[in-house]
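2 protein chains.
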Amino acid sequence: MREAAVVGVGMTPVTARSGKSLSELFVEAAKEAISDAGVDRIDSIYVGNMMSGFLENQEHLGALMATALGREGIPAYKVEAACASGGVAVNAGVKALLSGLEEIVLVGAVEKMSGFTTAEVTSGLMMAEDRLKVGSTGITFVGLNAMIAREYMHEYGVSHESIAQFPVLCHQNALDNPKAQFQKKIGIQDVLQSPLVADPLRLLDCSGMGDGAAAIVLAPKDTAKKFSDTPVEIAASTVATDILSLYQRPRITAFEATKRASENAYKLAGLKPQDIDLIEVHDAFSVLGVMALEDLGFADKGAGTKLLEDGKCARDGEIPTNTFGGLKARGHPVGASGAYQVAEVALQLKREAGKCQVSGAEVGLSQSVGGIGSTVAVHILRGMN
Amino acid sequence: MREAAVVGVGMTPVTARSGKSLSELFVEAAKEAISDAGVDRIDSIYVGNMMSGFLENQEHLGALMATALGREGIPAYKVEAACASGGVAVNAGVKALLSGLEEIVLVGAVEKMSGFTTAEVTSGLMMAEDRLKVGSTGITFVGLNAMIAREYMHEYGVSHESIAQFPVLCHQNALDNPKAQFQKKIGIQDVLQSPLVADPLRLLDCSGMGDGAAAIVLAPKDTAKKFSDTPVEIAASTVATDILSLYQRPRITAFEATKRASENAYKLAGLKPQDIDLIEVHDAFSVLGVMALEDLGFADKGAGTKLLEDGKCARDGEIPTNTFGGLKARGHPVGASGAYQVAEVALQLKREAGKCQVSGAEVGLSQSVGGIGSTVAVHILRGMN
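Line order of the protein sequences matches chains W and F.
All you need for the numbering used here is the position in the first sequence, starting with 1, plus 9.
All you need for the numbering used here is the position in the second sequence, starting with 1, plus 9.
The list treats identical chains as interchangeable, and a pair is accepted whether it falls inside one copy or across any two copies.
25 Å max Cα-Cα, derived SDA-like pairs, lysine to any residue:
#  : residue 1 : residue 2
1  : Lys29     : Tyr256
2  : Lys315    : Tyr165
3  : Lys40     : Arg258
4  : Lys29     : Leu141
5  : Lys276    : Ala312
6  : Lys194    : Ser368
7  : Lys276    : Pro229
8  : Lys234    : Gly109
9  : Lys142    : Gly28
10 : Lys142    : Asn66
11 : Lys142    : Glu33
12 : Lys234    : Met10
13 : Lys142    : Gly82
14 : Lys276    : Arg50
15 : Lys29     : Thr146
16 : Lys29     : Ser254
17 : Lys315    : Glu272
18 : Lys29     : Ser132
19 : Lys142    : Glu129
20 : Lys364    : Asp286
21 : Lys310    : Ala263
These are computed hints drawn from the structure, not numbers from a lab.
Pulled out of the complex, with its shape left as it was, chain W reads as follows (with noise of 0.2 Å):
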């Protein structure tokens, strides 16, 4: 069976107020992905993307950014599954390369937050949930990832505190990425004395609204080195839901749908935790990423933040998180992000992560989730040197 490679990589970087319109960002990230990997080529286009429609009133992103990049007649459309959008389309484009039918696959996920009040941008986020029976509450997207770390700290009485080490490491790698929304150092105690946003979670332990793209070029496998010098295997590609709604699961503080992705893209690689070298997880809210270390299989349940106590969450520890930022540091805009850590991963098994290089990373993982835990797209990336 075929096999699918990343052959280029680019993103732009992510900004609370690109002056940048939709397409002018997808543009940005799909050129330097297509330079970087030489081709003249595109057979497809995959478009990730959230939001568009409700707060730009713009569909059909797939012609849109195919035109815009001069590209038009080829296959393009869109992909979508809330914040997981950009995971999702990286799922897209592989299946589309190994169903034989195209060679050389474009995904490009894109979202732009500026210009928009928050409330405008809160009540879009919340179409990730159930709009009839859970946004009509009035509750906020914010407000249901409080109640998960409300009931994670009680569950296995971890502080605050103690989830707060999460986003005071995304801020520390990215002080490296001079593409980070937020490069800045924080410490635990600016975490805890941050805003109250929803009980317990304050500023700091939330990602940011931020303007963005990030693009992959995929060639099969087998052909990978004509493209690139340092291609990177995608040796597992998958994606898993849960119920919906988070009313309606039996438990909160775990996510089964990254338990399920990231099982079967062991699996599907032949690989176990242990042999993954770096991780980039979705931590929109800081307790989501200390509750991915441990559904992903890196630490047992309400052991997390003890990872992060003993160092080996740090570029130079036993398993690097969130080398480039992190949603939280990095910047989270929201459909492309998926499409952002594939991408990082790509870049650190290339040797091409500039500061944020990890020493050594030959596999790299990234977990994307959509909504509150009710998509996930994992990826397992593999050097090919």
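Assemble chain F onto chain W, guided by the hints.
Only chain F this time, still in chain W's reference frame:
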């Protein structure tokens, strides 16, 4: 290489006011398709939809529908390309199956247009065009299609009367389809005397607003007979794009994307237009139906209406067209229509088209259009008896 086959088909009636939610519509069609296939196992779900984010403030339809169907856990996400969303969702499902990663794939497409004002839906449809450069002028989607109709009539010297044969044919065919929205016979004068919507397009030149969902179950061709006595091979599934906006194209009376997608499909299937026994084309507006006959290779440019005059598009003609009533009379729940078409072609080839049955049909083609010809999905299906 693996090939795909349709082993189950389901669809709701198209109605102006279903009184059903988006997920109720989806589940109705999906359960019918799953029951038709007689499968317990579903590996993944691809959901086609255009407007739920804009109209209902609901995205994340993959996890929403997987949950509504009691199938949470499996991969599920949304695929969108404006009015071709149903068509590209089938394309995504086929690629997933051909990738070898999934065996039994459910594709379902759904649109709910009721409960909203005409102004809201009209605004939603403009998401298919470039919102910043075209939508901002205030022109409507029907207005853009009216420009095509005017230019087509001028360029080829074709009368409105000739073009009006298309909706007349569709309404005739829909009389035999119990799931059609408009089961009412009309004549050419009814079209020409119906209220003007956007000159020269009149009410009966235009498809209506409807709620509906259609679904198919896909399985590998080599195991398809395990699930269905009458499986239908997907001989080709193609997507093509064109420059997004009409004003930027050198010519507006032919859709290059239809030509590209169909030429590629004929090539993949090893067939020519004369090998096709029936077609389901995207007649959102009467002129588009006529243009499809030409762009798909069944008539020279400007000569599409001649086929209608000669009775060749009738169910007992040379190239039976829109045999269940097409978008005009079966109905056009926009993001679902492309899946209705594939389901209808499959029913014809399974010999399960009831009173709509075309006798002896072995190969059928569907054409689904997104925006003003900006994206086109073409499927060629072949009976396996």
